[in-house]
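All chains should be built: construct the whole structure from the sequences, respecting the hints.
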Amino acid sequence: MVRKYIKEFLWTHKVKYILGITALICSGILTLAMPKLLGYIIDCLEKRVVSQSRIAWLTGGMLLMAMAIFGLKYLWRNLLIGRARDLECYLRDKFFSHLQTLPLKFYQQKKTGDLMAYAINDIGAIRRAFAFGLVSLIDGVIINSSSLFVMAKTINPRLTLIGLAPLLVAVVVIFKIKNPLRRSFLKVQAAYANISEKTQENISGIRVVKAYVQEEAEKKKLGLASFQRMRVMLDYIKLSAIVGPTVEICFGLSFSLVLVIGSTYVLDGLITLGDFIAFNTYLGMLQRPVRHIARIVEIWQRAMASSSRLDEIFLTKSDIMDDHPVNAKERFNGALEVRNLSFTYPRTESEVLKNISFKLEAGQTLGLIGPTGSGKSTLINLLLRLYPVPRGHIFIDGIEINDLPLATLRENIGYVPQDNFLFSASLNDNIRFFSERFTLEEIEAAARFASVYENIIEFPDGFETVVGERGITLSGGQKQRVSIARAVIKDPSILVLDDSLSAVDTQTEAEILANIKAILKDRTGIIIGHRVSSIKHADWIIVLDEGRIIEEGNHEQLMAKRGYYYQLYQKQLVESRLQEVGENG
Amino acid sequence: MRQKEQNTFFRVLKYFRPFIGLVCLAGFLALVVNITDLAGPYIIKIAIDDYIVGEKAGGGIKLIGLLYFLSILVGACSNYFQNYVLNSIVQQIMHNIRMELFSHIQHLPLKFFDRNSSGRILTRVTNDVESLNEMYSGVLVILFKDVFLLIGIVATMLQLNRNLTFLSFSVVPIIVVVTFLYRTRARRNFKRVRALIGRINGFLAENISGMKLVQIFHREREKYREFKQLNEEYRRASIFEVALSALFRPSAELINNLGISILIWYCTPRVFASTVEIGVLYAFISYIKKFFGPINDLADKYNVILSGNVSAERIFELMDYDEGLERMESGRPLTELKGKIEFRNVWFSYNGEDWVLKDISFTVNPGETVAFVGATGSGKTTIINLLSRFYQVQKGEILLDGVNINEYRLDDLRRRVAVVMQDVFLFAGTIESNIRLNNEEITPEEVQRAAEYVNADHFIGKLPGQYEAEVKERGCTLSAGERQLLSFARAIAFNPSILVLDEATASIDTETELLIQDSLGKIAKDRTTLIIAHRLSTIKKADRIIVIHKGRIREMGKHEELLAQDGIYRNLYEMQYA
Ligand SMILES: Nc1ncnc2c1ncn2[C@@H]1O[C@H](COP(=O)(O)OP(=O)(O)O)[C@@H](O)[C@H]1O
Ligand SMILES: Nc1ncnc2c1ncn2[C@@H]1O[C@H](COP(=O)(O)OP(=O)(O)O)[C@@H](O)[C@H]1O
Ligand SMILES: [Mg+2]
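Note that the protein sequences, when read in sequence, are chains A and B.
According to the working numbering, the residues represented by the first sequence are 1 to 585, in order.
According to the working numbering, the residues represented by the second sequence are 586 to 1163, in order.
Some clues are possibly wrong.
[Claimed, not checked] Here are some of the chain B residues that sit facing chain A, going by a computed Cβ distance under 8 Å:
(1) N664
(2) Q677
(3) V778
(4) I782
(5) F857
(6) T860
It should be emphasised that the hints constitute simulated quantities derived from the structure, not laboratory data.
Where is the CB? At the ideal position from N, CA and C, for every residue including glycine.
If you want it as structure tokens, here you go:
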């Protein structure tokens, strides 16, 4: 996947790459020619065959050439290294938009801090490969091939072979070490991600850490992670540091052989002394790029390791997709039918919903009540298709839910979640949820609806107040009401409130309930609550327990049944009765 | 700014102090590498002069070859060990810096966390430390060797010809100027790049945890656009960084050639006039080249140094941030707490301007249960926050057992006060690890008892693995009520002297809530309990009820008394039960 993206990227930027590589090659050749020119100048000086002014001109030419090299280098750096930065951003862009398509299940497996490490660290490793890695690769190829060519062609092929034989050893070692190196680097990256993940969790949970004086324990935890990272890093260095010295040793061997054998060749008159010296010079020139091979291999191995890490994310595909979307209306009527729905969360065994069936006409309101963990939110999760929904069990306006385009489905549902997550943005942005299509009036109206308007205008910055991460600088009830406003501003055809008034005081609750009742007159509603008072006006009430419907009906019917609902009602009523009795008596 | 930069540099060096022995070892090894580096060409020179040109007997050349190979071998091995030793120092230092930073963050006040996104803080601990790492391991290793080399070259040049040496170095001021020009710009840009990485991290952190919501509201496109914009901003800064260094890096080479040209121009007439030997000129040219080798390298590495330095600055800036730093262990130990709480004319504001609490005074006697009621945003949670010293009061004082809470050891204080927070936070781990956190003293039995108290045992029993069942990040695979029960159980397990419940049963069904209230009756008997709740049924048993309105105490008294008063409380009551 990553490779595909990289190929795409290279293809779209091919002109820049071609230009850049040309500039790189030219500057490489000029750099190689530079010593020749200098040597020529010195020779002229030594032999005094030319005039002083000519030498001055030659030197000026040399300076000009240096400037040309400067210009070429500037060019290829901008063209090639600049593209590596582009590539980094391109991949990060792809990464984020891919993350956006991934289902909830994925986020429950991967931690936030870990994912962040992918986006910065692993993509960074790929960037390095395409910056330094690519350039040294090309550079190395040019220098190597041209030196080899000159050596073999102009001097002595046999000596060249002898001189190069030990270098093969270096190449073999490098290739041998390649895979362990990559494996080792995977560990390094994983250890880094671990630190990132631990720190991220620690910071988001800092309130609990402080409240329970867990600072020392947390330090110990991170200490372990950091120590682990140090260890794998040193393991990695142990391995990667082999390459450089190996190359050196092999070169040493080459030089020694050339020295011993070459000198006999000279004595035997097979080659001249000048050839011998030139040969040594070229062999020396090879040393830098071959030594660079070590770095290049290292960098490419790192990039490879990171790319396979990234692939693991990129290859994760959402199992919630629009397979065969029908042409549904933009706006639903809101009739909802659930038929024999059973559901088990992925990677778990026990059924959370068991054979649920009910029918809701457009415009009706459903009340859901039941103990904690009975599956109420799960039902909503399925309605929103946050998990794959088995076919043939949920229908909206008579259409199978899996056939509805996901976007239309979610646009039509206004959802107030149980845990209120706000973004660290202005209240304005939080209510309209970053969509440009709502006017200020609409935002204010939504805030009024949720009874949070008065609170907001009391803040010094009003609707422009920026809240802390997750809305941390608001009180619980304020958060909850902002998230109600966020749901109703969409003017959804189905409004879902998942225990959405739990943090709101009684008076405000009454206000909001009245508003909700009004707004639900002409749209479908699902209200989850723990208080009978909040759902008793619903057209249909379902009592869930352990994933089963144990009772259903409207308020009167359920009261007549004298079952769970009735008892709950009594319990909630009795409390208040008791108080009244106490008060009167 | 200059001053600060230097301080950063020296501060970074300070971390090397404990490893001085190893640093010396690395230095020695570097010296060996340098010597063998220089010895190689010398040996070849001898070979050529004596054996090839001098046509000495053929046997010696093999010995010379062997010698050469040995010297390379020694050099390579030293190189390997030098690399390893230096890197192990660097990794150790990274570890130390990271831990120091992390420890510091642990003790920063909540105010800091309110203002700084977790992504930005995270960037300091991860990316910034990482770029320091790059600076150390990438540059120092090379710097070490190069310094020796440079000194050696300058010394030989001076010995050879003073005038020419000065002439050769006449270009050095140009390097200094160019470097200076580059540095100021590059630094500024590096800071921007780093800050942008922080923002990208912040964005990612928030959007990954809020992804569910974005998907439900189908705002992927809007969020993507926001990310793209941020990424683009980063890209531009990053490309500018490349352009700057593309100008700077090759300039060292250009200046090198300029130096050589000057030398040739200067020497040409003198060579013609035979006042300067051609050999000397030749030597100087090769020395200048040698001299510029490391300088070139340095220009190559300068980016890494600058970026590492900027990171170091950011790290130290955070380490030096000590406004309201929590000092855990100073103050009066708090072994036995009776549980008397007294607020005396407490005024408090989060931002220093708008009072959230105004003139709050009340007393809670040991063992009492006191309830707070009031509209959301009236300041109830804030009162609790002050009691645990999460924030500092601006006016007035809070006393525990008659002593100002500021005088107690902070860790003792917080151990005595357990708060079931409104916003539940669970760690990735197991059910058990979430109840007892890292506290080894809490036995599995106590964990279970705490769970039973809050009726969490019921659902825990159904999980695979029960108390060992896995809890994902933030407990995202549990229902909201279950999460709240766990956080409740946690507070109970810590067996505090003062128990604070901040809407602790808001997401829990009535039946469970009633059961919890029963057991709470038992727990609350011998400890001070503060309860915040909206359900009046939850609080009616309290010894006293305090009604907060817009940050002020408006009513205080028993349930019946308050009902009789015909004030806010009565109003609320009638709302709920009318
Ligand atoms: N993502 C998930 N993976 C596995 N189990 C889950 C997940 N979400 C919820 N559960 C479990 O499913 C059950 C029903 O949860 P939920 O529908 O949230 O309950 P509630 O009725 O309180 O809304 C709970 O026991 C919970 O632990
Ligand atoms: N960390 C914070 N920073 C700034 N303002 C805050 C912070 N926490 C709460 N507030 C504000 O202080 C006021 C009181 O909040 P809080 O004490 O949480 O109310 P509640 O009575 O609902 O518990 C609210 O207006 C809220 O917006
Ligand atoms: Mg609160």
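These are the hints, each one checked on the structure:
1. Checking B/N664 against chain A by beta carbon gives a least distance of about 5 Å; that is within 8 Å, so the hint holds.
2. Hint on B/Q677 holds. Least Cβ distance to chain A is approximately 7 Å, under the 8 Å limit.
3. Checking B/V778 against chain A: minimum C-beta separation of about 10 Å lies over 8 Å; hint violated.
4. The restraint placing B/I782 at the interface with chain A holds, with a minimum CB-CB distance near 7 Å, inside the 8 Å limit.
5. Against a cut-off of 8 Å between C-beta atoms, the interface hint on B/F857 holds, since the closest Cβ of chain A lies about 6 Å away.
6. About 13 Å separates the beta-carbon of B/T860 from the nearest beta-carbon of chain A, more than 8 Å, and the hint is not met.
Checked against the numbered hints above, the structure breaks hints 3, 6 and satisfies the rest.
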